[in-house]
Amino acid sequence: MGERILEVRNLCTSFFTHEGEVKAVNDVSFHIDEQEIVAFVGESGCGKTVTQLSLLQIVPAPPGKITGGEVFFKGRDLLQHKPNSPEMRSVRGAGIAMIFQEPMTSLNPVFTVGHQLTDIIMLHRKVGHKEAWEMGIEALRSVEIPEPEVRMRNYPFELSGGMRQRVMIAMAVYCNPDIIIADEPTTALDVTTQAQVLELLVSLVKQHRKSLIIVTHNLGVVTRYVDRIYVMYAGRIIESGSTEEIMTKPRHPYTIGLLNSVPKIEKERSEKLIPIKGAPPWLIDMDPRCTFLPRCSYACEVCETKEFPKLRRLGESDHFIACHRDIAGSITGSTTGRLDSAGRHDLGGEAHG
Amino acid sequence: MVHDAAVAKHNRLSKRHSGLREKCHTFFKRGILTKISSALVIIFILIAIFCPYLTPYTPYEQSLRNKLKPWSKEHWLGTDNLGRDVLTRVLYGARISIVTGVLSSLWAAVVGAALGLTAGYSRGFLGSFLMRLTDAHLSIPPLILVMVLAPIFGRTILGISIVIGISAIPSYVRMVYGQVLSLRENDYVTAASVIGQSNFKILLKHLLPNCIPVVIVMFTSNVSTAITIEANLAYIGIGIRPPTPAWGVMISEGYNYLVSYPHLAIAPGIMLMLLIISLNVVGDGIRDVIDPRLRGKL
Amino acid sequence: MAETVRENPLLKVEQLKMYFPLTKGLLSKTYSWVKAVDGISFEIYPNETFGLVGESGCGKSTTGKCAIRVLQPTEGRVVYKGRDIAGLSKSMLKPYRRELQLIFQDPYGSLNPRQSVFSILKEAVVLDRERHTAVEANERVDELLTLVGLDPDMKSRYPHEMSGGQRQRLGIARALACNPKLVVCDEPVSALDVSIQAQIVNLFRELQAKLGLTYLFIAHDLAVVRHMADRIAIMYLGKIVEVIDSDHIFREALHPYTVALLSALPTTDYYQERKRSRIILEGEVPSPVNKPAGCAFHPRCKYATETCRQVSPGLRNVGRNHCVACHNVAV
Ligand SMILES: Nc1ncnc2c1ncn2[C@@H]1O[C@H](COP(=O)(O)OP(=O)(O)OP(=O)(O)O)[C@@H](O)[C@H]1O
Ligand SMILES: Nc1ncnc2c1ncn2[C@@H]1O[C@H](COP(=O)(O)OP(=O)(O)OP(=O)(O)O)[C@@H](O)[C@H]1O
Ligand SMILES: [Mg+2]
Ligand SMILES: [Mg+2]
Numbered sequence: 006m007g008e009r010i011l012e013v014r015n016l017c018t019s020f021f022t023h024e025g026e027v028k029a030v031n032d033v034s035f036h037i038d039e040q041e042i043v044a045f046v047g048e049s050g051c052g053k054t055v056t057q058l059s060l061l062q063i064v065p066a067p068p069g070k071i072t073g074g075e076v077f078f079k080g081r082d083l084l085q086h087k088p089n090s091p092e093m094r095s096v097r098g099a100g101i102a103m104i105f106q107e108p109m110t111s112l113n114p115v116f117t118v119g120h121q122l123t124d125i126i127m128l129h130r131k132v133g134h135k136e137a138w139e140m141g142i143e144a145l146r147s148v149e150i151p152e153p154e155v156r157m158r159n160y161p162f163e164l165s166g167g168m169r170q171r172v173m174i175a176m177a178v179y180c181n182p183d184i185i186i187a188d189e190p191t192t193a194l195d196v197t198t199q200a201q202v203l204e205l206l207v208s209l210v211k212q213h214r215k216s217l218i219i220v221t222h223n224l225g226v227v228t229r230y231v232d233r234i235y236v237m238y239a240g241r242i243i244e245s246g247s248t249e250e251i252m253t254k255p256r257h258p259y260t261i262g263l264l265n266s267v268p269k270i271e272k273e274r275s276e277k278l279i280p281i282k283g284a285p286p287w288l289i290d291m292d293p294r295c296t297f298l299p300r301c302s303y304a305c306e307v308c309e310t311k312e313f314p315k316l317r318r319l320g321e322s323d324h325f326i327a328c329h330r331d332i333a334g335s336i337t338g339s340t341t342g343r344l345d346s347a348g349r350h351d352l353g354g355e356a357h358g
Numbered sequence: 112m113v114h115d116a117a118v119a120k121h122n123r124l125s126k127r128h129s130g131l132r133e134k135c136h137t138f139f140k141r142g143i144l145t146k147i148s149s150a151l152v153i154i155f156i157l158i159a160i161f162c163p164y165l166t167p168y169t170p171y172e173q174s175l176r177n178k179l180k181p182w183s184k185e186h187w188l189g190t191d192n193l194g195r196d197v198l199t200r201v202l203y204g205a206r207i208s209i210v211t212g213v214l215s216s217l218w219a220a221v222v223g224a225a226l227g228l229t230a231g232y233s234r235g236f237l238g239s240f241l242m243r244l245t246d247a248h249l250s251i252p253p254l255i256l257v258m259v260l261a262p263i264f265g266r267t268i269l270g271i272s273i274v275i276g277i278s279a280i281p282s283y284v285r286m287v288y289g290q291v292l293s294l295r296e297n298d299y300v301t302a303a304s305v306i307g308q309s310n311f312k313i314l315l316k317h318l319l320p321n322c323i324p325v326v327i328v329m330f331t332s333n334v335s336t337a338i339t340i341e342a343n344l345a346y347i348g349i350g351i352r353p354p355t356p357a358w359g360v361m362i363s364e365g366y367n368y369l370v371s372y373p374h375l376a377i378a379p380g381i382m383l384m385l386l387i388i389s390l391n392v393v394g395d396g397i398r399d400v401i402d403p404r405l406r407g408k409l
Numbered sequence: 026m027a028e029t030v031r032e033n034p035l036l037k038v039e040q041l042k043m044y045f046p047l048t049k050g051l052l053s054k055t056y057s058w059v060k061a062v063d064g065i066s067f068e069i070y071p072n073e074t075f076g077l078v079g080e081s082g083c084g085k086s087t088t089g090k091c092a093i094r095v096l097q098p099t100e101g102r103v104v105y106k107g108r109d110i111a112g113l114s115k116s117m118l119k120p121y122r123r124e125l126q127l128i129f130q131d132p133y134g135s136l137n138p139r140q141s142v143f144s145i146l147k148e149a150v151v152l153d154r155e156r157h158t159a160v161e162a163n164e165r166v167d168e169l170l171t172l173v174g175l176d177p178d179m180k181s182r183y184p185h186e187m188s189g190g191q192r193q194r195l196g197i198a199r200a201l202a203c204n205p206k207l208v209v210c211d212e213p214v215s216a217l218d219v220s221i222q223a224q225i226v227n228l229f230r231e232l233q234a235k236l237g238l239t240y241l242f243i244a245h246d247l248a249v250v251r252h253m254a255d256r257i258a259i260m261y262l263g264k265i266v267e268v269i270d271s272d273h274i275f276r277e278a279l280h281p282y283t284v285a286l287l288s289a290l291p292t293t294d295y296y297q298e299r300k301r302s303r304i305i306l307e308g309e310v311p312s313p314v315n316k317p318a319g320c321a322f323h324p325r326c327k328y329a330t331e332t333c334r335q336v337s338p339g340l341r342n343v344g345r346n347h348c349v350a351c352h353n354v355a356v
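Chains as they are written, first to last, in the working numbering: chain Z, 6 to 358; chain U, 112 to 409; chain R, 26 to 356.
Quick caveat, the hints were computed from the structure, so don't treat them as lab data.
Treat the hints with care, since some could be wrong.
[As the list claims (entries may be wrong)] Mimicking BS3-like on lysine-lysine, the simulated pairs with C-alpha atoms at most 30 Å apart in a straight line are:
(1) 70(Z) / 146(U)
(2) 316(U) / 206(R)
(3) 312(U) / 180(R)
(4) 135(Z) / 79(Z)
(5) 312(U) / 106(R)
(6) 300(R) / 272(Z)
(7) 300(R) / 316(U)
(8) 28(Z) / 134(U)
(9) 49(R) / 277(Z)
(10) 119(R) / 42(R)
(11) 49(R) / 106(R)
(12) 140(U) / 70(Z)
(13) 115(R) / 42(R)
(14) 312(U) / 327(R)
(15) 146(U) / 316(U)
(16) 316(U) / 37(R)
(17) 277(Z) / 300(R)
(18) 211(Z) / 272(Z)
(19) 147(R) / 312(U)
(20) 312(U) / 316(R)
(21) 37(R) / 235(R)
(22) 87(Z) / 146(U)
(23) 134(U) / 49(R)
(24) 316(R) / 316(U)
(25) 49(R) / 316(U)
(26) 312(U) / 206(R)
(27) 115(R) / 211(Z)
(28) 235(R) / 49(R)
(29) 54(R) / 37(R)
(30) 272(Z) / 106(R)
(31) 70(Z) / 134(U)
(32) 211(Z) / 180(R)
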């Protein structure tokens with residue numbers, strides 16, 4: 006891997022709403038190197054998207070506000086600049102490009118695909134309209150859209166979801182950014198289309214030697230592509246490490262729970278799934294203790310009394326967890342079937358709501 | 112289509128259906144204009160209720176000796192050509208305007224919503240018949256319709272309210288009809304029919320309650336229109352009959368003395384203008400709080 | 026062939042077709058049809074879970090809704106308990122109505138936002154033929170809430186005060202209030218978070234064991250369907266292309282589309298996932314308005330022959346409850 010291109014330290018972002026302060030991103034630190042592919046994983050509402058929006062300072066404000074932290078992009082702290090400053094604007098798109106979750110809303114419905122594509126290319130590549138049009142066709146071809154000349158004249162609604170997402174990928178890649186952030190790029194798509202789009206995105210990123218951040222809530226989807234994984238829960242990163250470490254030796258009870266919740270194709274159907282009990286917490290007036298405590302099957306006295314655990318390194322590896330306990334001792338064997346004694350829950354897990 | 116993430120996201124953000132307190136908060140956060148207008152509307156309503164206690168005169172009490180007096184201690188806004196106290200008449204005018212406005216909108220809302228629900232739920236012949244009828248009705252300009260109907264129903268407050276109400280019905284029908292069409296696509300309506308609920312009960316339990324916000328929004332915007340129409344009718348002399356202190360009547364009578372005694376027409380005119388503007392602002396506010404998507408539709 | 030002898034099916038669907046008209050103009054002239062479901066047949070046996078997988082828009086929900094007569098099919102037979110209910114009117118359908126229930130994908134849209142939990146369940150309970158008194162209805166509501174793992178104290182809540190998982194449980198309780206025989210679960214977990222999905226999937230299995238339910242389980246996630254269903258039907262563009270026992274699907278699937286679906290299936294097994302090769306399907310799903318002639322899958326199929334382009338293949342039994350609609354599969 007190359008140089009460290011992005012380093013985020015203690016990022017905090019909150020939404021100030023009627024009910025109180027929503028701590029959507031809470032003391033989050035992470036980094037990404039050149040040509041690296043990392044994933045952010047977590048349940049809906051845990052702050053994955055807001056983390057990425059904060060990097061680019063495009064959090065809807067008000068009510069959103071970045072309340073602290075540093076974002077070093079190529080050595081410069083982006084948070085020193087105002088959201089609308091020329092420095093920030095040059096970072097967006099040309100430095101860090103973002104592909105959004107909902108392809109329908111991120112393309113403007115009233116302009117043709119070609120119009121939007123050439124606008125972006127002209128902005129970032131400093132070329133004339135005609136050249137930009139040609140480059141747009143080329144861009145569509147590079148994302149394997151058939152008949153790119155025809156598609157340039159289509160409106161977004163005339164394309165299928167998969168095609169729209171590929172147009173977004175084309176736009177992002179053609180700005181020639183150092184980092185591409187893909188926020189759940191395939192969640193709205195079908196399984197087969199999902200595979201198509203992901204393969205394409207990853208191969209383009211590798212070919213152009215870029216860095217990629219994939220945000221997802223499904224670990225399985227990204228396993229085969231990413232180098233490192235950050236697991237988020239309730240606004241915090243609670244586990245991080247190389248993909249192999251996380252997928253084969255997860256150490257945080259939440260990560261273990263996530264991996265256990267999905268049906269495994271290699272396992273017998275008769276086996277029960279092992280869900281995580283309860284539901285994620287509200288991000289308002291959070292318990293100063295571990296946020297996973299009410300759902301955790303490994304909780305002990307330490308967890309009940311101490312504050313939220315700091316991320317700590319496990320041994321010499323690159324594997325970090327935010328957990329008071331080290332449950333490695335209680336884990337043997339493969340990923341599955343670990344929680345037999347502690348983690349099995351019956352009906353009504355959520356009922357205390 | 113499968114949009115898991117989108118659905119989940121949408122749910123998160125709309126998880127809190129805002130409560131009444133929050134709605135009030137959003138309402139007043141719209142700005143100073145909304146606050147002033149709400150205050151004005153409340154003042155007008157108080158005047159309408161308590162006008163007999165606000166002045167020592169009645170609006171019909173003539174005193175030919177005192178006719179066309181300028182303002183004085185006894186008559187703050189002077190007297191008119193029949194020696195009636197102008198302030199008293201202006202205050203009583205608020206009562207007439209508000210009563211006609213509310214009464215006509217209210218009954219238009221009830222009838223319109225009922226017809227709209229029926230049309231929306233019974234798709235077949237009845238539905239399309241009602242909608243064609245509504246379209247035909249909508250194509251007649253409301254003022255013309257009212258001018259034709261006013262003499263038939265009598266030129267009293269009640270008669271005029273009915274007439275104005277009739278002219279407002281089709282817009283309610285349209286609105287509720289559209290709402291029902293989109294509501295009946297909701298899964299909970301399907302669910303109700305799957306558990307064996309009858310069509311009528313579905314209409315009553317699932318469709319009607321969810322139409323009410325739209326009707327309320329419609330209603331608030333309709334009151335000011337109704338008041339304007341009422342004043343117009345009175346002004347051109349086919350509305351409420353003269354001795355009644357309707358603002359339109361007063362403006363029309365005061366018009367003859369516009370040069371020498373301008374306050375006779377201007378006082379009710381200003382009141383009318385204030386009431387209409389503040390009602391519109393409040394109506395817009397209520398619409399934005401209840402359902403901002405209706406913006407531009409009404 | 027060693028077919029296990031089975032009892033009579035609870036539901037038998039034959040040559041089901043559902044076409045939606047595309048209209049335009051003032052007179053709503055129909056100029057074309059969306060062939061959402063285009064001639065499919067299957068059987069569901071008592072106490073079994075029959076899975077239905079396929080991509081978005083292939084007609085899964087439409088099939089599910091026709092099977093329990095929420096929609097009236099354009100053509101075909103739906104035989105429930107030996108009676109064809111496909112053409113019955115609402116009043117004729119009444120004896121069967123409450124036995125055929127539906128659970129929705131969207132846990133938010135399927136609950137009336139203006140009804141409390143109690144009112145939602147009471148509505149379903151009191152429609153029972155044996156009239157309940159108020160006290161009985163109350164007890165029944167508590168019983169249902171407990172059954173789906175909700176706290177009876179939640180009765181006074183409104184749907185927006187509940188999490189997605191809890192809402193989905195409430196939707197299940199409403200269906201159960203009717204004492205159903207067959208429940209169509211239309212993507213009941215795909216709008217839920219991964220950690221909650223498992224809770225609901227387990228709940229479905231427990232209820233089936235406890236109440237002897239039969240499920241038609243619809244999803245686009247093959248892993249979830251395999252976990253839930255005894256037999257799986259794979260749909261593509263309004264047709265069933267393969268029906269197979271879910272225990273055998275990974276080893277014995279034959280249709281090229283099923284194989285592609287299986288290979289696109291994400292797994293959490295790191296080592297397997299890294300070395301696995303994927304079949305990436307080319308192109309897009311054609312529109313159900315103008316389907317390709319012959320086998321609907323042929324434009325994306327690498328084995329397509331001239332026959333595939335011209336003749337639409339029928340489902341053929343290839344042994345052990347396994348049917349495939351493909352010309353290139355030898356019997
Ligand atoms: N505009 C906003 N106003 C108030 N709160 C917000 C806003 N946007 C996001 N939030 C809150 O911030 C938290 C994090 O949201 P975020 O969108 O980052 O979640 P996510 O992890 O991306 O989830 P998803 O998987 O649904 O995309 C959520 O709890 C959400 O309620
Ligand atoms: N009421 C309707 N009128 C017209 N077309 C319809 C209607 N309902 C469904 N369709 C069309 O029929 C096709 C199949 O729809 P259906 O909802 O059954 O698909 P599905 O497999 O359930 O998809 P999803 O996974 O997105 O739920 C789609 O092309 C859809 O657009
Ligand atoms: Mg997000
Ligand atoms: Mg569906």
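So, going through the hints one by one against the coordinates:
With a CA separation close to 28 Å, the supplied pair residue 70(Z) and residue 146(U) stays within the 30 Å bound. Of the supplied pair hints, the one linking residue 316(U) and residue 206(R) holds, its CA atoms being roughly 26 Å apart against a limit of 30 Å. The hinted pair formed by residue 312(U) and residue 180(R) meets the criterion: a straight-line CA distance of about 22 Å does not exceed 30 Å. Straight-line distance between C-alpha atoms of residue 135(Z) and residue 79(Z) comes to about 33 Å, which puts the hinted pair past the 30 Å bound.
With a C-alpha separation of about 29 Å, the suggested pairing of residue 312(U) with residue 106(R) holds against the 30 Å cut-off. Between residue 300(R) and residue 272(Z) the CA atoms are separated by roughly 19 Å; this keeps the pair inside 30 Å, and the hint holds. Proximity of residue 300(R) to residue 316(U) is assessed by CA-CA distance (about 56 Å); at most 30 Å being required, the pair is judged violated. In summary, the hint linking residue 28(Z) to residue 134(U) is supported, as the alpha carbons are separated by about 24 Å, within the 30 Å threshold.
Restraint check for residue 49(R) and residue 277(Z): the C-alpha separation of about 51 Å exceeds 30 Å, so the hint is violated. For the hint linking residue 119(R) to residue 42(R), the alpha-carbon distance of about 23 Å falls within 30 Å, and the restraint holds. Restraint check: the Cα-Cα separation between residue 49(R) and residue 106(R) comes to about 40 Å, which exceeds 30 Å; the hinted pair is violated. Distance restraint check for residue 140(U) and residue 70(Z): the Cα-Cα separation of roughly 20 Å lies within the 30 Å cut-off, and the hinted pair is therefore satisfied.
Between the alpha carbons of residue 115(R) and residue 42(R) the distance comes to roughly 20 Å, so the proposed pair stays at or under 30 Å and holds. Between residue 312(U) and residue 327(R) the alpha-carbon distance is near 54 Å, which puts this suggested pair outside the 30 Å criterion. For the hint pairing residue 146(U) with residue 316(U), the CA-to-CA distance comes to about 35 Å; that exceeds 30 Å, so the pair is violated. At most 30 Å may separate the alpha-carbon atoms for a hinted pair to count; residue 316(U) and residue 37(R) exceed this at roughly 34 Å.
A threshold of 30 Å between alpha carbons decides the hint, and for residue 277(Z) with residue 300(R) the separation of about 27 Å falls inside it, so the pair holds. Only pairs whose Cα atoms come within 30 Å are accepted, and residue 211(Z) paired with residue 272(Z) is rejected, the gap being roughly 34 Å. Between residue 147(R) and residue 312(U) the CA atoms are separated by roughly 14 Å; this keeps the pair inside 30 Å, and the hint holds. The hinted pair formed by residue 312(U) and residue 316(R) fails the criterion: a straight-line CA distance of about 41 Å is larger than 30 Å.
For a cut-off of 30 Å, the pair hint linking residue 37(R) to residue 235(R) stands: about 24 Å separates their Cα positions. The straight-line distance between the Cα atoms of residue 87(Z) and residue 146(U) is roughly 34 Å, outside the 30 Å bound, and the hint therefore fails. Among the hinted pairs, residue 134(U) with residue 49(R) is inconsistent with the structure: their alpha-carbon atoms are about 41 Å apart, more than 30 Å. Only pairs whose Cα atoms come within 30 Å are accepted, and residue 316(R) paired with residue 316(U) is rejected, the gap being roughly 41 Å.
Taken as a hint, the residue 49(R) and residue 316(U) pair is broken in the structure, with Cα atoms around 33 Å apart against an allowance of 30 Å. Our distance criterion of 30 Å between C-alpha atoms is met by residue 312(U) and residue 206(R), whose separation comes to about 25 Å. For the given pair, residue 115(R) sits about 59 Å from residue 211(Z) by alpha-carbon distance, which is inconsistent with the 30 Å threshold. Simply put, residue 235(R) and residue 49(R) have alpha-carbon atoms about 50 Å apart, too far for the 30 Å limit, and the pair is violated.
Distance hint between residue 54(R) and residue 37(R) is unfulfilled; the C-alpha atoms sit about 34 Å from each other, more than 30 Å. At most 30 Å may separate the alpha-carbon atoms for a hinted pair to count; residue 272(Z) and residue 106(R) exceed this at roughly 35 Å. In summary, the hint linking residue 70(Z) to residue 134(U) is supported, as the alpha carbons are separated by about 23 Å, within the 30 Å threshold. Distance hint between residue 211(Z) and residue 180(R) is unfulfilled; the C-alpha atoms sit about 54 Å from each other, more than 30 Å.
Consistency with the previously given hints fails for numbers 4, 7, 9, 11, 14, 15, 16, 18, 20, 22, 23, 24, 25, 27, 28, 29, 30, 32, ordered from lowest to highest.
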